[in-house]
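Colleague: Just so it is clear: in the sequence shown, position 186 is 195 by our numbering, and no numbers are missing.
FYI, nobody ran anything at the bench for these hints, they're computed from the structure.
Below 20 angstroms or equal to it, Euclidean Cα-Cα: the simulated DMTMM-like pairs (lysine to aspartate or glutamate) are:
(1) K573 to D515
(2) K598 to D628
(3) K476 to D335
(4) K476 to D306
(5) K598 to E507
(6) K459 to D216
(7) K598 to D479
(8) K582 to D572
(9) K334 to E77
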Amino acid sequence: MKAKKVIALLCVAAMMSGTSVTVLAQDAQPAQTAAEAAAENSTEEAPAAEGAYDSRLDAGKIILTPGEDETALNFAWYSEQSGTPAVKIGTKADLSDARVFEGTATAIDKTTDNDAGEGIDYTASNKVTTGTGFVAENTTYYYSYTWNNGENAEWSDVYEYTSQGFDSFQTILVGDPQMGASGSEGQGTVDDANIASDLAGWQKTLDMASEIAPDASFILSAGDQIDYSSADADYIRELEFAAFSTPEQLRSLPLATTIGNHESKGDDYQYHYNNPNVDPELGDTNSGADYYFSYGDVLFISLNSNNRNAAEHSEVIERAIESHKDAAWKVVMFHHDIYGSGQPHSDVDGANLRTIFAPLMDQYDIDVCLTGHDHSYARTYQIIDGKAIDYGNEEAVNPDGTLYIAAGSASGSKFYELNAVQQYYIAERNNTPTPTFSTIDFTDNSFTIKTYDNTGAKYAGDFTITKTEDQASLLSLVNESEDIHASDYTTDSYRTYEDAVDAAKDYLETDKDAVPSELVDNYDEENQGDNPDDPLNYYGYAQGDYAAEDSTRLREGYADFLDKTMDNSQGVKTSEEYQQIYNNLVDAKAGLTEAQELPYVDVSEDGYYYEAAKRLYEDGIMTGMDDTHFGPSVSLSRAHFVTILYRMAGSPEVTSEVTFPDVEEGQFYTDAVAWAVEAGVVTGYDEGNFGPADEITREQIATMLYRYSGNAGIAAQTTVLDFPDAMEISPFAREAMIWAVSNNIMSGRENGTLAPTDNASRADAAVMVDRYLG
Numbered sequence: 010m011k012a013k014k015v016i017a018l019l020c021v022a023a024m025m026s027g028t029s030v031t032v033l034a035q036d037a038q039p040a041q042t043a044a045e046a047a048a049e050n051s052t053e054e055a056p057a058a059e060g061a062y063d064s065r066l067d068a069g070k071i072i073l074t075p076g077e078d079e080t081a082l083n084f085a086w087y088s089e090q091s092g093t094p095a096v097k098i099g100t101k102a103d104l105s106d107a108r109v110f111e112g113t114a115t116a117i118d119k120t121t122d123n124d125a126g127e128g129i130d131y132t133a134s135n136k137v138t139t140g141t142g143f144v145a146e147n148t149t150y151y152y153s154y155t156w157n158n159g160e161n162a163e164w165s166d167v168y169e170y171t172s173q174g175f176d177s178f179q180t181i182l183v184g185d186p187q188m189g190a191s192g193s194e195g196q197g198t199v200d201d202a203n204i205a206s207d208l209a210g211w212q213k214t215l216d217m218a219s220e221i222a223p224d225a226s227f228i229l230s231a232g233d234q235i236d237y238s239s240a241d242a243d244y245i246r247e248l249e250f251a252a253f254s255t256p257e258q259l260r261s262l263p264l265a266t267t268i269g270n271h272e273s274k275g276d277d278y279q280y281h282y283n284n285p286n287v288d289p290e291l292g293d294t295n296s297g298a299d300y301y302f303s304y305g306d307v308l309f310i311s312l313n314s315n316n317r318n319a320a321e322h323s324e325v326i327e328r329a330i331e332s333h334k335d336a337a338w339k340v341v342m343f344h345h346d347i348y349g350s351g352q353p354h355s356d357v358d359g360a361n362l363r364t365i366f367a368p369l370m371d372q373y374d375i376d377v378c379l380t381g382h383d384h385s386y387a388r389t390y391q392i393i394d395g396k397a398i399d400y401g402n403e404e405a406v407n408p409d410g411t412l413y414i415a416a417g418s419a420s421g422s423k424f425y426e427l428n429a430v431q432q433y434y435i436a437e438r439n440n441t442p443t444p445t446f447s448t449i450d451f452t453d454n455s456f457t458i459k460t461y462d463n464t465g466a467k468y469a470g471d472f473t474i475t476k477t478e479d480q481a482s483l484l485s486l487v488n489e490s491e492d493i494h495a496s497d498y499t500t501d502s503y504r505t506y507e508d509a510v511d512a513a514k515d516y517l518e519t520d521k522d523a524v525p526s527e528l529v530d531n532y533d534e535e536n537q538g539d540n541p542d543d544p545l546n547y548y549g550y551a552q553g554d555y556a557a558e559d560s561t562r563l564r565e566g567y568a569d570f571l572d573k574t575m576d577n578s579q580g581v582k583t584s585e586e587y588q589q590i591y592n593n594l595v596d597a598k599a600g601l602t603e604a605q606e607l608p609y610v611d612v613s614e615d616g617y618y619y620e621a622a623k624r625l626y627e628d629g630i631m632t633g634m635d636d637t638h639f640g641p642s643v644s645l646s647r648a649h650f651v652t653i654l655y656r657m658a659g660s661p662e663v664t665s666e667v668t669f670p671d672v673e674e675g676q677f678y679t680d681a682v683a684w685a686v687e688a689g690v691v692t693g694y695d696e697g698n699f700g701p702a703d704e705i706t707r708e709q710i711a712t713m714l715y716r717y718s719g720n721a722g723i724a725a726q727t728t729v730l731d732f733p734d735a736m737e738i739s740p741f742a743r744e745a746m747i748w749a750v751s752n753n754i755m756s757g758r759e760n761g762t763l764a765p766t767d768n769a770s771r772a773d774a775a776v777m778v779d780r781y782l783g
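All chains, full assembly: derive it from the sequences and hints.
Modeller: What follows is the structure, given as structure tokens:
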């Protein structure tokens, strides 16, 4: 008798919601009078003669879904018989100008009958599309459908569909209608009254949504349209689908859904919806697979988050982006709230699945991610690589990262508590036990979400993202550094870039991004149950040794990225701090200067002095012995080294005359020596000469650099030298040598000595100058 009871209670639900929903009134029941009242208020005609389309309690009602783009419209419905399904659609109410589009019928064996003989048996899932190019914007269409196109076709009643604008448009977002969940503990306890009660809430929500957003282009539903998660009783699931599809709004407003955990194990979801661009082998579970579509400047991607094969989801996202390369907005929808704030999911299975899906959102620079699952509303800050960036309470202008929305319950069938601790990434949350929905407005440069309860009252603050320019994400700039190599750019410009990359990595803590491969590798999508070799069970809960002691979240220390994003002590980052890190990296990248090829035939890339010689050549600080020879092993003269320092200082104008008798006017080093004396870098020998041609020693280089550094404001260090020949350092050079070794400007020889009085080769001198420059 359960099917009969559901029918009667659905009549009551219709009355409770204040709507005119046509349902089947069979044998006399306590709700019979209510059923009659509902029928009297109905705008639908009563069922026609036997054999005509039956619009009573029906899991096979037609559902409109978006097509591949805004110019296409898809249809799906069940029928009791199988034939050649078709839809005729035109702009005239009598369908005199209608075009007929034929589709395909898939054999199914579904029923709303619980063996009492009072439900409906279905043998075909029918799907039809207009294809792209048919739907024009802001146009009213009329359509009818049949399961058996041809001379004896039995056509349905005529329904109306009005397209909206393509450039700027509005959608309605709902979460977890979950027909049949009210009053049950967890999943799918069979109680007929639940279905009726949940339909009442669902109908009231759609009524209010239609009032507030009468020009919406379509509905987005973030999963769990039904409650009964087991595939062992099709009729229960189909009764819940019947309730979900009952509201007449679904005959005129396309519906884009995603697969929830309660739908995942049954195969019926894929038969109820004609989703576009589905590859059944990508992101699939028994219920169906990923899909995508575009509407105006927005790309919508629906992922089946019950499937943990990240490579398959990645392929779908790449296909989607390739199909609409110029999309102004990329929106992903899946069920699990990986950055939600409700119990029991956000810190457990939602957090576990964060390790799979959050990196995908970052990798593909997704603007907005819509989720459900926790039956409570949450809006995050902008999130990139687990870091939350606060751009403001009402609007984010040119933000980086992804905005995550967790939708509340659209029917009120079930509510959860909020997480005991508000996570660092949450900007706003609410679980007031009232059914909710959101409107989302898109333009070419703005996204605005407004959230209401089903009385029309505001449930959360409005939030807008505004784009005035396109820019790469910080994480993508960091990742592309792997393909930018030091050898291709001047040393100085590359080191500036490298420092900016390192600062960004430190800010994002990219060293904590590791996710164990077995989370994906051990997942078997052919197994619709729990796999003991998998760290997570079918529903995403950690199991066995992978689970934390007091939770089904993955244990601490297993997945670095999860640990990083479970750390609430990190707090939220300011947009100003973030923008500085971002701008520094962008500027450093723009400042990269292509390297000139070294002309020296005697310098190999594997030489310890290569980078130093390259940098000093690029900066014009140290030239070769001639055009093609650097002379790495040749000793360097004092005159040459002073010239190197002079060029480092920018070759300033010299105002004093040279006082050394052995420094002649007009030599390449004359001005350099005069500058060095004036700057206190050199004093000359005791006898009054400079010794320009003398080979410079290692301790003399250290002394000149030390004096030069003093003028540059670099303080000396006092680390004690521990080299066996430390006592060979000349008194004049001791402090300078301590400083040079302490700052890693000078290192010991391979034999462990410092060799302070040895002559310095040109290679050694280049390395010491390069280290000094940092």
